[in-house]
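Participant: So you can see what is in the structure, the chains are spelled out below.
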Amino acid sequence: MGRFLSTQHRSGFILYIVITVLLALAILAFALNSLKSGTVTQLAKNVDQNRLTLLAQSANAEVVAIIRSNANYALDSRIFARLRSVFPDSGGTAPGLNTEIVLLSNFAPQQTLEIANNAGYNLVIKSRATLTAYREAPAKSVLAFNAYLDVISQAYLDGAEENMIEVRERRDVRLVDLRHRFDRYALFVKNFGPSYNHPKRRILIEGIPADGPFMSHAFLGNHNYPKCAEVQKHLLFDLFFEESSKLPNFARITGYSGLKAFAGGDMPECLFFSNSYPFASLTGISVSQFYQVRAVIALYEKFVNQAADGCLGNSKPSKETKQKLKELCKKAMDASNSNAAAYEICQDFHDNFKMSGNVGIYKDCAGFKKILNTCISKWPYTYGFTDANSIWNLENLSLPDLPAPRAWATALAFGGLASPTAELNDKGAYFAEYLEKKDGDDYNPERVRVGKMPMLYGSDCKNKLFVEGPVFLRFFKIGFLDTFSQTIEFFRGNANIEPETVPLRFYRYDKDTNNFLNTKLGAPVPFSGLHKEEFLMSRAVDNVSINALMGDSISIFDGDGNEITTSTTILGHPNTTEPLQPGGSNISAVNFGRLIDFKTVSWNYPNTEIFVEHRIREYDGKDTMFVDGCIYIEEGDLDLSKVNQFYGKGMIYLGRGNCFVSDLKRLDGRNDTLRIYLRDGKFIIRSEYDTAEIHASLAAFSYPFGTTDPTRMGTLILTGQSKVKILGNLLVDYLYTHDSSGNGLADGGWLIIQHDPLIYDPAAEVDGEKLDPYHVSIGPVKTMYSVNAGGKTF
Amino acid sequence: MDQARWLIVLSVVVVMSTVLSLLHHFSEKSPKTIVNIDNPAKISTQKSSEPYLDSKVPGVARPIRKIRYSKPPSHVFSVETRTEFTKENELIKDKGKIIK
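So the sequence lines, in the order shown, correspond to chains H and V. If you count the first sequence from 1, position 119 lands on 119 in our numbering, and the numbers rise without skipping. If you count the second sequence from 1, position 87 lands on 87 in our numbering, and the numbers rise without skipping.
In case anyone wonders, no lab produced these hints; they're calculated from the structure. Incorrect hints may appear among the rest.
[Claimed, not checked] The calculated DMTMM-like cross-link candidates involving lysine to aspartate or glutamate, where the alpha carbons are at most 25 Å apart (straight line), are:
hint : chain 1 : residue 1 : chain 2 : residue 2
1    : V       : 87        : H       : 772
2    : H       : 792       : V       : 84
3    : H       : 437       : H       : 512
4    : H       : 782       : H       : 512
5    : H       : 140       : V       : 84
6    : V       : 93        : H       : 637
7    : V       : 66        : H       : 620
8    : V       : 93        : H       : 609
9    : V       : 66        : H       : 772
10   : V       : 66        : H       : 635
11   : V       : 87        : H       : 613
12   : V       : 87        : H       : 680
[Unchecked claim] DEER-style ranges, computed between Cβ atoms:
hint : chain 1 : residue 1 : chain 2 : residue 2 : range
13   : V       : 82        : H       : 784       : 36 to 46 Å
14   : H       : 118       : V       : 5         : 49 to 59 Å
15   : H       : 614       : V       : 23        : 40 to 50 Å
16   : V       : 89        : H       : 786       : 47 to 57 Å
17   : V       : 93        : H       : 617       : 30 to 40 Å
18   : H       : 404       : V       : 89        : 19 to 29 Å
19   : H       : 786       : V       : 5         : 29 to 39 Å
20   : H       : 268       : V       : 82        : 51 to 61 Å
21   : H       : 614       : V       : 93        : 18 to 28 Å
Each residue gets a CB set at the ideal place from its N, CA and C atoms; glycine is no exception.
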């Protein structure tokens, strides 16, 4: 019984458990049923919504990626064109600010759809993207816009449109036109440069392949010209026959028709033009101006000495001059018959010669006047033009020493410019005159920097370049009064007049203005070149504009952008003293710079370290800088000397600091352009080798503008390199290719500036492909994000 | 009997917890399967905000054979005034303000 009870009790217990479990399952089933009809349905909906949101986000990301990849390089794409429609000069009518520009509409992002399909979801996704420009940079010289990009994607399961999720995001967009007036300059230098003519540290500019008014410009200013007494502060570029003669207007300027030498002169054929002209035909000078011509005086005194010797019976010829000769004449007269011709010669000198201070006055002596008049009627005035390199030995130039003249240029006849004389402290007249002090200042030592002008027109002298600024050509005239032989009646006898050649030395124009040397002739002497030769003396011709080398006139865009033809042959006047600018504007070159609109800058960096960290990566085994629109760096030295290449298009604007560069080349010769603007710094070449090649526009200007402190000025420090090539352009406060501290070029070095056509005109058409002058930066950060499950925008 | 009762209660709790956990687990896990895509690299490239991961493939330097220039736009001929530079300088002097 007990056993039965025990078994019965156990089975009852099992039944109890089974019932309890069944009850629990029933409760569970009930609970699940309730959940399914309420919470589970909601849960399922949430799951769907999350899924759709995620896919809509993915669609937005895909759309942003598509826009970004089409923004700057897909020239044929619709998105590319529509982004640029913001700009007023992009071809169409600009829609204006706060107008929506539809970039994409009802677009089905394929990658996202593919993801959904792979996950087994039959999804419908539509995207729309619009651009709205809301701000334009206020400065006229900066064309840039702030805009925002709205991307909206709608996602729903096919057949369940009522359960749609719309995700919207907004990103900041900055659109800039990278073009600037500086682009048109291959070289822009505000300050005077003393080394432009340096014969062994030279500048070569390769302008763009010109087409009509499209040509490279250069501005070379004279600000901070060293203090001197001369008022005129021009830049003088020395013609160099070997190169300059290849230029189209060289012959027109110099009268060149083949190299010549002075007849009978022991000299190389180095004259562009030479001529001999009867002195008697000259006008504008008076006989009285020749009373002190040494050759005439010497000839006259020789005759007087001979007469005195005759009277005194001297066998040894006397060589007295001035007062001593007068005393000799007195002795001769005392020892001679008064009827003799020799007596009369001595008497004429004794009675009429006077001293005025240290200067002998011969003008009242009849014999002197006779000789002088003979000379005036018979002198051949001979002159020719050549370059500095032919006169001075520039191969051995070692600054600060003055260059030595070549041997032929020191011969008596040809020595008017360069022959060193004790009277001029062993210098030639040209140097001595300008090194002389006036009113406590040197007259103008910068004029003694003779040499070879920069190669402005390319290595083959075929590229055009329009030079702005007070830049003139310089070449030299050597003139002399040649000897002749003439027998004249002289005091009842005959005398053979054969005066020495008279070198016509250089005199400054402001000095001793009664001198026949620097007196302007009444009419110019014959010369087939451009200028009128109106002085007798040897001198520098320095009033022909540098631009005359390209032709008598040249077609350019004026300061307002109109195509004009301007004359290059107005003597003494440069085409422009300041950089070309719009009519009515007269801003000094000193105050030229480039503005940046901070609100349209794509990237801001507080210092260069962060910039380097963020922007420089290794690509293809080389340190590569990635450029994206306008990048502002607040301060710091930017060391790009290890960066081999860059990729992208844009400008780095460094607020304060130097930039070290070495070899920095672009990756793609059609698309990549870089401008580096140092607002308060210098470019310094830092290279392991003795050459450097930089593919960028390099600009360095001090701020505030116009500083006279060289440590604050913007420049390119060449650090003794033998060859520095810039494919771009160079814009600086000053530029020295020779520097006593060794920061210029190496001896024999070259600074080559090849004006990059892509910098000159970023909108040019290259081999039929239109380039893009704009850059669009799309911000990495969402400035707005929203999810909408209760309606739709489109 | 008392022991058995507690066993029943415990078993009910365990079963319900397990079922609810399973429900919870599946409700969270299911959307994540969307991310398990065949080619995640493609997507990550597109989503990148880094401009230097642009899809453009750098080409070799191409020499220019023929070039035609365009007429420069008007802003290229504008000259910056001293006032504009002064204004810019004022902005730059506010160190750090430009950096956002």
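Participant: Determine for every hint whether it applies to the structure shown.
Facilitator: Do the hints match the structure? See the list:
Pair hint residue 87 of chain V plus residue 772 of chain H does not hold up; C-alpha atoms about 30 Å apart against a cutoff of 25 Å. Taking the CA atoms of residue 792 of chain H and residue 84 of chain V, the gap is about 45 Å. The hint is violated against a cut of 25 Å. For the hint linking residue 437 of chain H to residue 512 of chain H, the alpha-carbon distance of about 14 Å falls within 25 Å, and the restraint holds. This hinted pair does not check out: residue 782 of chain H and residue 512 of chain H have alpha carbons roughly 79 Å apart, beyond 25 Å.
Distance hint between residue 140 of chain H and residue 84 of chain V is fulfilled; the C-alpha atoms sit about 10 Å from each other, no more than 25 Å. Between residue 93 of chain V and residue 637 of chain H the alpha-carbon distance is near 18 Å, which keeps this suggested pair within the 25 Å criterion. Proximity of residue 66 of chain V to residue 620 of chain H is assessed by CA-CA distance (about 30 Å); at most 25 Å being required, the pair is judged violated. For the hint pairing residue 93 of chain V with residue 609 of chain H, the CA-to-CA distance comes to about 20 Å; that is within 25 Å, so the pair holds.
About 16 Å separates the Cα atoms of residue 66 of chain V and residue 772 of chain H, which keeps this hinted pair within 25 Å; it holds. A C-alpha spacing of about 40 Å is found between residue 66 of chain V and residue 635 of chain H, which places the hinted pair above 25 Å, so the restraint is violated. For a cut-off of 25 Å, the pair hint linking residue 87 of chain V to residue 613 of chain H is broken: about 31 Å separates their Cα positions. Taking the CA atoms of residue 87 of chain V and residue 680 of chain H, the gap is about 16 Å. The hint holds against a cut of 25 Å.
For the pair residue 82 of chain V and residue 784 of chain H, the supplied restraint of 36 to 46 Å holds, since their beta-carbon distance comes to about 39 Å. Residue 118 of chain H and residue 5 of chain V have their C-beta atoms about 53 Å apart, which keeps the hinted 49 to 59 Å range intact. Checked against the hint of 40 to 50 Å, the pair residue 614 of chain H and residue 23 of chain V passes, with Cβ atoms roughly 47 Å apart. The hinted range of 47 to 57 Å is not satisfied by residue 89 of chain V and residue 786 of chain H, whose Cβ atoms lie roughly 40 Å apart.
At about 33 Å, the beta-carbon gap between residue 93 of chain V and residue 617 of chain H stays in the expected band of 30 to 40 Å. Separated by about 50 Å at the C-beta atoms, residue 404 of chain H and residue 89 of chain V break the suggested range of 19 to 29 Å. Separation of residue 786 of chain H from residue 5 of chain V is about 55 Å and departs from the stated range, judged on CB atoms against 29 to 39 Å. Against the hinted window of 51 to 61 Å, the Cβ-Cβ separation of residue 268 of chain H and residue 82 of chain V comes to about 54 Å, which satisfies the hint.
The given range of 18 to 28 Å is respected by residue 614 of chain H and residue 93 of chain V, whose C-beta atoms sit roughly 25 Å from each other.
Hint compliance for this structure: hints 1, 2, 4, 7, 10, 11, 16, 18 and 19 are not met, and every other hint is.
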